[in-house]
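Which chain is which? The protein sequence lines are A and B, in order. As numbered in the numbering used here, residues 230 to 525 make up the first sequence, in order. As numbered in the numbering used here, residues -9 to 130 make up the second sequence, in order.
No wet-lab data here; the hints were simulated from the structure. One thing to keep in mind: the hints can contain errors.
[What the hints assert, rightly or not] Among the chain B residues that face chain A by a calculated CB cut under 10 Å, a handful are:
(1) -2
(2) 48
(3) 77
(4) 125
(5) 128
[What the hints assert, rightly or not] Stretch by stretch, here's where chain B covers chain A in the computed footprint (C-beta under 8 Å, at least three residues):
(6) 261 to 271
(7) 503 to 513
In this text, all values refer to a predicted model and were calculated from it rather than measured experimentally. Cβ atoms here follow ideal geometry from the backbone N, Cα and C, with glycine treated the same way.
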Amino acid sequence: MKITGVLGLGKEHTRSTWDQHVDQGHLREMALNIWGEDSSGMMTDFEPSDSLLMKYENNIMNCEKALRDNRVLDMGCNHGLYSYMAMRHGAGHVVGVEPRGLFVNGLNTFADQNDLPMEFHRGYDTDTARLVREHSIDTVMLMSVDDITGWESMMYDIRKSDVQWLIMQVTTLPDPWLGFNEDIFNYAKTGAGMPVGFTLHYEAHNSNTRSGMNPMHRDMADPDTGYQHIGPDGKLDMESSHVIHSLRSRQYMRKFIDHVGFTVESSKVQETPIANSPSRSASNGLYQWYLLRNKK
Amino acid sequence: MSFPTTISVTARVDMQDQFEGFVSNKSLPGARVILGDQSHEHRFTQPGEEHRFTVTADLERGKHDVVLEFMDVAEAQGAIEVLSLHLNGCPMGAVIYQCEYRPFHLDEALQSHLYMGWPGRWSMTIQAPSHENHGGVGFG
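With the rest of the complex left out, here is chain A (with noise of 0.2 Å):
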């Protein structure tokens, strides 16, 4: 019987397909080697969540022709579980760009230990053109950077290079959720145009794992973990610590990958949301996955 669900092709399938790629073994020694010995009771018996799940046959899964031979890079590839991914589904190599030491010099270890085609480098979303042109790049793996960093500058860079493929997951807010008042159509008629799209600006605590990406503290960013405001004495600096992040809507997600050039070659958003899921939007139901030709 097909279980069907949060996951497009059923759960079954996704989860026999992740079980027949993945080495156990390997996860357990990433996680050594990242977060150390008090990892191993937590990756003793690990069972993959449905978000994660999700996010594996969105973004590894159905992009297998995106990433099959080519050279990979995971732009904020986090804790290196789908460069991992990509590899075992044929990437050729794999170059995983993150702020935060505590991934990067783990993953190196990992793979260097297991003879894997894998490296990773510190790096922000400003490196991105670099990165492609020497690392010689096909695919390109954005996943979840889109709220905090600045994603045209990385899509008009992406789509200026040699780059074959764009794996993308997104987080984009449905269009009902902001209507247009009457000024909106006044200044329409002025000759602006109509909006095709919005983004919504949020203030936030910079004190989670991703803080290291703000632009204007990241000098600030413990280079190891990434949290940001740790002061001289070694305390976290509440007072000072905010961000703003931002989520676009699909609408204008659609046109700005348009108006930028890429073909769509498929797209689709998150069907159910998943409960009690840690990231906010698996749990909204508000993922896009985009798989994007970079055609000359």
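Based on these hints, arrange chain B on the given structure of chain A.
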């Protein structure tokens, strides 16, 4: 089904100014960290000492408290400051401020206090399995 979960709490003892007479009679405290049915005890032996308490427990799915408490209730003890928390090896950063501190002699909970000037009980809630419930923990 239970989920093996490891927490590490790093704490530092503060004997305040050793040259001040009013604190010189304070003793170095001992503390224990509790998770599920497991615990780790340590008695500090010198001013300013840092100690990493590590406990692994099999937790059922759901919410559980991480507790750091003084081993003695006597008030004439040095203070203990919680510096950091690692959940399955993952540094949790400012999440430690989502805690409460209950001094033994007060009938109230103080929120977001990491410095325990009085003997008492510090706790915060985690949720098992951690990689499904906490951002930045494991392969979530």
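Now the hints, each set against the structure:
no.	hint	in the structure
1	-2	6 Å, holds
2	48	8 Å, holds
3	77	8 Å, holds
4	125	4 Å, holds
5	128	5 Å, holds
6	261 to 271	holds (count 9)
7	503 to 513	holds (count 4)
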